Every structure is written in C-alpha cells, then in structure tokens.
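Asker: Start from the sequences and build out the full structure, keeping to the hints where you can.
Residues per chain, in single letters:
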Amino acid sequence: MPILAEWYDFRDLGNAMGALQDQILDWGAPDWVPYVVSGIIAVVGILLWLLVSQIIFIWIERRVIGLMHNRIGPNRVGPMGLLQGVADAIKLLLKEAVTARATDKILFWAAPIAIFIPAMVVFAVIPFGEGMVLSDLNVGVLFFVAIGSINTIAVFAAGWSSNNKFALIGAMRQIAMLISYELVQVFAILGVVIMVGSMRMQDLVGWQADNDVWMFAIQPLALVAFIIAGLVEVNRSPADTSEAESELIAGFHTEYSGIKFGFFYAAEYFATFALCGVIVTLFLGGWTLWGVEEWVPGFLIFLTKLYAVFFIFIWARGTLPRLRIDQLMTFSWKFLLELMFVNILVVGLETLIWREQGYDAATVLPIFGVINWVLAIGLVFLWARMLGHGTPRTAGKRATLTQELGAIYYEGAGSPGA
Amino acid sequence: MSVDLEHYLMVGAILFAIGLFMALSKRNFVGVLMGIELMFNAANLTLISFSRFVESVNPIDGHVFVLFVVTVAAAEAAVALAIAVLLYRVRGTVNVDEINLLRW
Amino acid sequence: MEDTGTVVAFWTLAIMTIGSALMVAIVRNLIHAVVFLVLSFMGVAGLYITLSADFVGVAQILIYSGAISILVIFAIVLTPQAGRDNAETSMRLPAAILAVLVATMLGYAAVETAWIKCGETARLPCFPDAEGFDGTAQAIGNALLDKYILPFEIAAALMLVAMLGAIIIVRAEGTEGTAEE
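Chains as they are written, first to last, in the working numbering: chain A, 1 to 418; chain B, 1001 to 1104; chain C, 2001 to 2181.
Treat the hints as calculated values from the structure; they're not laboratory data. Be aware that one or more of the hints could be misleading.
Stated by the list, open to error - If you want the footprint, here are the derived chain A segments under chain C, 3+ residues with CB under 8 Å:
1) 29–40
2) 132–139
3) 145–156
To be verified - Stretch-level coverage of chain C by chain B, calculated; a stretch enters the list once three of its residues show a Cβ under 8 Å from a Cβ in chain B:
4) 2095–2103
5) 2148–2156
Claimed, not checked - Partial pick of chain B residues on the chain C-facing surface, computed with a CB cut under 7 Å:
6) S1002
7) V1003
8) M1010
9) V1054
Nothing here was measured: the structure is a model prediction, and the numbers come from that model. Virtual Cβ for every residue (Gly too), placed ideally from N, Cα, C.
Answerer: Laid out in structure tokens, this is it:
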C-alpha cells in the first residue's frame, strides 16, 4: 500500500517513531537508546489510551445497559452523566483501602499488581496499525494465551490472602472457569493459525488483507467460541460468578476496597480491551478494511472495530442472565470443547486440501466458508439436541394437571430449565 | 562484557543444586515436588543453551527435547500431586519422615 | 552475544531466577514458596527468550506458570495445615553439602570443557544467527511431525494416561473426587 513513510504521515504512527529513532542515532547515542525511547513512548501512549477509554466506557456501558433495560443510566454527574467515569475513579482513589488484620500482608498487597500486569503486557503484541506493534513476536497469539494464563495465580493470591472462606471459594471457582476456557480459547486460535500458517499477529492481518476476506466469514464457530471463552476469561457477565453479589459477595476481591479494588476493576476493563483487540486482529481483519486504510489511518479503523466488539460484550452483559458455575463448566467441557475438536479437524482437512492441490484462494475460500457455516449451525443444534437440550420450540408446552400427584408438569418437553 | 555458554550453564547448575537441596531435605511432600520441578527447569535451560551455542547437525532437536521434557513433567506433576492428596487421605500426613512403611 | 540489551537482560533474569529459587527453599510459608516458584519459572522463560527460543519460552510460561503451579497450589490447599511451614528434615546439612558439591562439579565441567561452539571456530553458524531465521515455531513443528512423530504420539498417550490416572487416584469410593486436571 502506498504509504508515504515520512514522519508527518499520520496514517501510520510507526513512521514518526522510525524517524525519531533515526534522529536519535544521528545524535550519536548508543545502539540501544532508540529502542528504549520508542518503547517507553509506546507504552505510555497505550496506557494513556487505555485509561481514557476506560473512563469513557464506564459511562457508555452503564448508559447502554440502561437503555437496554428501558431505564435511564447515570445522569447525575455532569451533563448527561458524562463525568461518571471520572467520579468513579475519584471515589476509588479517595476511599480507604482497608487491610484486615489477619490477611497475608505480602500476597494481599501483591495480588492487585499481579492481576494488572498480564492485562497490560498483552498489549505489546496487538497491532494497532501497519508499523504500530510494540513487539512483533513470532509467536504473538501464543503469547496472548500464555500471559492470560498468569491470571490464575493472581486470582488465587487474592482469594487466599484475604483469609476469608467466601473469597477462597470464589477464587477456586474462578480458577476452575479460567483453566477450562483457556482450552477453548487455544483451540479457537489454533483453527485460525492452521489456516493462515503463522502465529505472528501482522501475518494474520496480512492474510486477511491479501485474501480480501475476514476470518469471521470462514470460521464462524471459532469466533463464537473465542468470544464466549473470552467473556469467561475476563470475568464479565454472563459469567461473572465471582462478582455476583447475591452469591459470593464479590468473589476473590471481597476484602479489597479503595484503589486496590480499583486495580481489579481497571484490570478487568483492560483485559476486555485486550481481548477485543485480539478478536479484531484474528477474526475481523485487524487494522485493514479492504483498501480504506490507505486514506483513513489504520489505528482508527482498528479502534472502531474494537469498540464495536466491546459493544457486543456490553450487549451480552445487559441481556443474558448470570450462569451457574456448574452450567459454565458443563458448557465448556461437554459442548464447546467437542465443537472445537471438530472445528480443528475440518479446518485442518481444508487447509491440507488447499495446500496440497494448490488451488487459487479466491475459488476455494468461499467453498470453505459455506462448508464451515453450515457445519457450525448444524453442529450447534445437533450437539445441543444430543446433550438433551431441545430446541426452544419443544420446551414449555401447555401445563397439564395430574390427578395423582396434584402437580403441574409440562407435557412433552425436554429437561426443563437445565 | 558478553554472555556466553558458560554463564547459562552456571545458572543451570545453581538452579539444579537448589532443586536438589529441596528434593532431599524438605519435610513436606509438596516441597519435594517443587524441588523436582526446579531440577527439570535447570535441565531444560541447559538443553536450550546447548542448542543455541554448540555446533550440531540439527539444533532444533534441543528445543524438541525440552518440549517433551515439559510435557512429561506436567504429566508427572499431575500424578504426583494426586498421590500427595491420596496420601493425606490414607495416612493423615504429608510429612515425608512419617511415610516410612510400605505396607501396613 | 555481546549487545548491551542481551547482557542486561541475562543478568537481571539470572539474578531473579536464582534469587526466587533460593527464596523457595528458605521462606517459612509454603504458599509464599509457590509464588516464588512461579517467579523462578518466569525467570527461566525470560532466559529462554534471550536464547532465541521463543516458542519454548512462551510454552514454559503457559505450561509451568499457568498450569503446574495451579496443580501445586491445589495440592497444598488439599493437604493439612500442619505441614505448611516449609521446614527441612534432619538431613538438611548433608543435603546442603551435597548440593554445593554438585553445583561445583557441574560448574567446573561447564567452564573447563572445550565446547565446540558454532560461529568462530567451527563450520556451521549458530542456528539463530543463520540467515532467514524466522523463529523456532516452524522448525519445531516440522521436527515434531517429521522426525519425532513417534515420541509425539507416545507423549499424547502418556498425557491421556496421566490425566485418567490422576482422576482415578483422587476419586474416593462413593463420593465425587474434585481434583482439577
């Protein structure tokens, strides 16, 4: 693509960074200084963007959920409640961060930091534009999964150090959910990686740009499974059993208040942003938009798509009821994992046929897309039927009063409310 | 100031020694297992550093070896920790000094 | 490897790894020991990255810090309170002497052997220094499915057997066992 590659070409901020690095070398600095300087600037930029996005999205999320629930969201603090995020941040900063006497002081202090670090480190591999990756690792997607798996230790440290039975139970449930859905995440990513042939994030975006198609159109089952697994990994509704006030007060972060709780809150938002970034990169074309990225800056396209995926997460939170822990575990181990196995098998076969026979991408990808969509929809219905959950039509027929028991039962339905 | 094969091998040797000390002298069964995991890590570090620095026909063999070691270590950790839980259930203790009868 | 970044990274990571490993042996609380063990695993993963072993480094984080440490934590939580003080047995002095002797012997062997290093004196360049080095993931994949296919399949069977074995061992008669993985 005809990018000018001059420092004032703001369609790709990597140009300005490259010019800055050359300038620093011209001033006679040693070899490692440009990398350190550009790294620091990129990290500070990402952090600022994340904080600003979080503050705005606190307001957006609560207003949108309010609209979905047919009520007004927050509208007190500032015009139309726009300063709600700022008010939340100030409240968390000013509250007293209570530390109970019998807690394990070191772990209690370290757990919010430990849960914040993975949420931030993951942004190192997410490509915001063509030259705007902080570190274009050769194993980028695997890095995302690996850093996400560190959350388990941080959650356990938070739950254990609280010296609180309910916090510990919440932490154990959260860890069980995390390790179950990690598998689903890895298998969903694996399908994409098999078809593209590389784990590097820029290669994934480049494949989608070269073939003029979004991976979402070819592997819908992987996208849906990845979104669901991501929802559970970042602890959002409908899978936020550890935040359910009616169940376990606040799960593993019950004993935390003030800015320590602010860290957990912020880490959840940052992790959701990172997850949306990875979804956009893997499945929705990343920073490309079929040629529009030659005029519109790539990072603006990327951010728009990211916010659109975040809206889907907000939508899920406002619409779906909270799931029980055993429902979530059953869903992962008995349903999603089997679908992902079939997905891997089918994608592997397709990629093998494609590479061996050397077909042209434009002819063979639509066929794959049609096969995968039919398979996805068919598998979901068939497997749900086999597990005993009928289609919504068969549940809830007319009630019949039995004479012997004096009870009401639904005639001809599947397992009710399972 | 450069970093060479000997530096990595020394790090591996020290890690192995610490793991050996833990495996031989910890009173808790899980402490012994942590020492064993440290020894695995030391051996893996040595393998990878040899793969990087020493001439060989097929240097990727070191990485493949390490992947297999990690896999088998994970399987072994799972079974060993299951045995630890069962040991507590049967004997009432995980103190290695008190688990000294093969059959009772 | 002479550039400043690698040297700084190596020394930082080596001190972090060895320091954390020492703390695992020394702290008096078993849960703190596990946290330091996780830190030591991450240090080793960092050392792998400095050795250009990108796939193995990321796999180390994923498997060791993310899964095996959770296994150890579950085992600690399911065992009694009395043993959680990370004490040593009466054999600690012989064990310490043996450990120091082993470290000395290994260190002496490491420093005094004339390793045939790639690069300056030998024929082939080092694997990451060759042209077109694109990362180890492709090469590992090729090796696993080409030359080492049999160990690969045996390792898969081994994982299945280990998983089943762990579940069956912990499952009590009559009640449901609750072992993870």
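Asker: Hint by hint, say whether it matches the structure.
Answerer: Hint by hint, here is what the structure shows:
{"no.": "1", "hint": "29–40", "in the structure": "holds (count 4)"}
{"no.": "2", "hint": "132–139", "in the structure": "holds (count 3)"}
{"no.": "3", "hint": "145–156", "in the structure": "holds (count 8)"}
{"no.": "4", "hint": "2095–2103", "in the structure": "holds (count 7)"}
{"no.": "5", "hint": "2148–2156", "in the structure": "holds (count 3)"}
{"no.": "6", "hint": "S1002", "in the structure": "holds (4 Å)"}
{"no.": "7", "hint": "V1003", "in the structure": "holds (5 Å)"}
{"no.": "8", "hint": "M1010", "in the structure": "holds (5 Å)"}
{"no.": "9", "hint": "V1054", "in the structure": "holds (5 Å)"}
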